[in-house]
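Undergrad: Please construct the entire structure, taking both the sequences and the accompanying hints into account.
There are 2 protein chains.
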Amino acid sequence: ARPRVGYFLSSKPSQALVAEEIKKIRVGDIKGLPRVIRAGASVYEAIVSMFLEDVGTLMVVDDEGHLEGVVSRKDLLKAAIGGGDLQKMPVSVIMTRMPNIICTTPDEPVLAAARKIIEHEVDALPVVRPVNGQGKKLKVLGRITKTTITNLFVELGEGRS
Amino acid sequence: ARPRVGYFLSSKPSQALVAEEIKKIRVGDIKGLPRVIRAGASVYEAIVSMFLEDVGTLMVVDDEGHLEGVVSRKDLLKAAIGGGDLQKMPVSVIMTRMPNIICTTPDEPVLAAARKIIEHEVDALPVVRPVNGQGKKLKVLGRITKTTITNLFVELGEGRS
Chain G
51 ARPRVGYFLS SKPSQALVAE EIKKIRVGDI KGLPRVIRAG ASVYEAIVSM
101 FLEDVGTLMV VDDEGHLEGV VSRKDLLKAA IGGGDLQKMP VSVIMTRMPN
151 IICTTPDEPV LAAARKIIEH EVDALPVVRP VNGQGKKLKV LGRITKTTIT
201 NLFVELGEGR S
Chain B
51 ARPRVGYFLS SKPSQALVAE EIKKIRVGDI KGLPRVIRAG ASVYEAIVSM
101 FLEDVGTLMV VDDEGHLEGV VSRKDLLKAA IGGGDLQKMP VSVIMTRMPN
151 IICTTPDEPV LAAARKIIEH EVDALPVVRP VNGQGKKLKV LGRITKTTIT
201 NLFVELGEGR S
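Protein sequence lines, in the order shown, are assigned to chains G and B. Residues 51 to 211 in UniProt numbering are what the first sequence lists, from first letter to last. Residues 51 to 211 in UniProt numbering are what the second sequence lists, from first letter to last.
Accuracy of the hints is not assured; some may be wrong.
The list treats identical chains as interchangeable, and a pair is accepted whether it falls inside one copy or across any two copies.
[To be verified] Calculated cross-link-like contacts (lysine-lysine; reagent style DSS-like; alpha-carbon spacing at most 27 Å): (1) Lys-128 with Lys-138; (2) Lys-73 with Lys-166; (3) Lys-124 with Lys-166; (4) Lys-138 with Lys-166; (5) Lys-186 with Lys-138; (6) Lys-124 with Lys-138; (7) Lys-73 with Lys-128; (8) Lys-74 with Lys-124; (9) Lys-128 with Lys-74; (10) Lys-73 with Lys-189.
Hint data in this document are derived by calculation from the structure and do not stem from the laboratory. Predicted model, so just to flag it, every value in this text is computed and none were measured.
TA: Shown next, in the form of structure tokens:
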């Protein structure tokens, strides 16, 4: 029989080790590029931008690039069947608005970010940092999505992460 | 110093163990319920159904429940801005159709299913089994989505899976 090491004496040692490895990974290690649109853009422009960039969620920013809102494919679909003029409707009318946006930061463990995605039933989180001396304004650094997490899962399963 | 066991002598032992644990999980262990719509339904009905069931992908089935197609939120958004009459347009016109659907089976490792999601850039895979004696017909047993994978990642990170 192999000698047993203290660390591996718990009833499910490998599970604990998997959890420990996952907890080490930070948002900053795997975040994707931010995909943004200006708050003044129309819903129609947001839809076109979503197809061109092939993303499911766009971050809505002001002229200085600070986070104002988030708009999902679901929000756009709802607007598209609503019967309004999509070229005249500003995206700011249908977006989820600050301070109701669930965000993450580069230092947060990816596990915590993934938990936010599940609990708040969103597809993506903006990765942000506070803007120095500007109160609650947030600069958008990137995004973490269900695709990012699925990709990380594949890398972990292949022993690449 | 702790005694070392052969298994843990590789240069990145914990990574290998994480990969090994992930490889053990099968699609059948974590699949979600299928969300289906009949091929005769309209695009409008598909959109309503997607909102009511709060899913991003619907499986399109024939009268016997066999897989005919898959329709995503992206397909519906494209149709919604296309200007047609959504109540008259059958969902079968816009769906991805057999045999072009990427599927998985209960016995497949989740890792392989997750890889399919990433490689084929889809949000969800139908979990299927062949129908006995009916050629290429597939019965829909469930679904694996990026949400399923994100949820599994959270469970692994919390030591629950």
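Undergrad: Identify every previously stated hint that the structure contradicts and give their numbers, smallest first.
TA: Result: hints 4, 5, 7, 8, 9 break, sorted rising.
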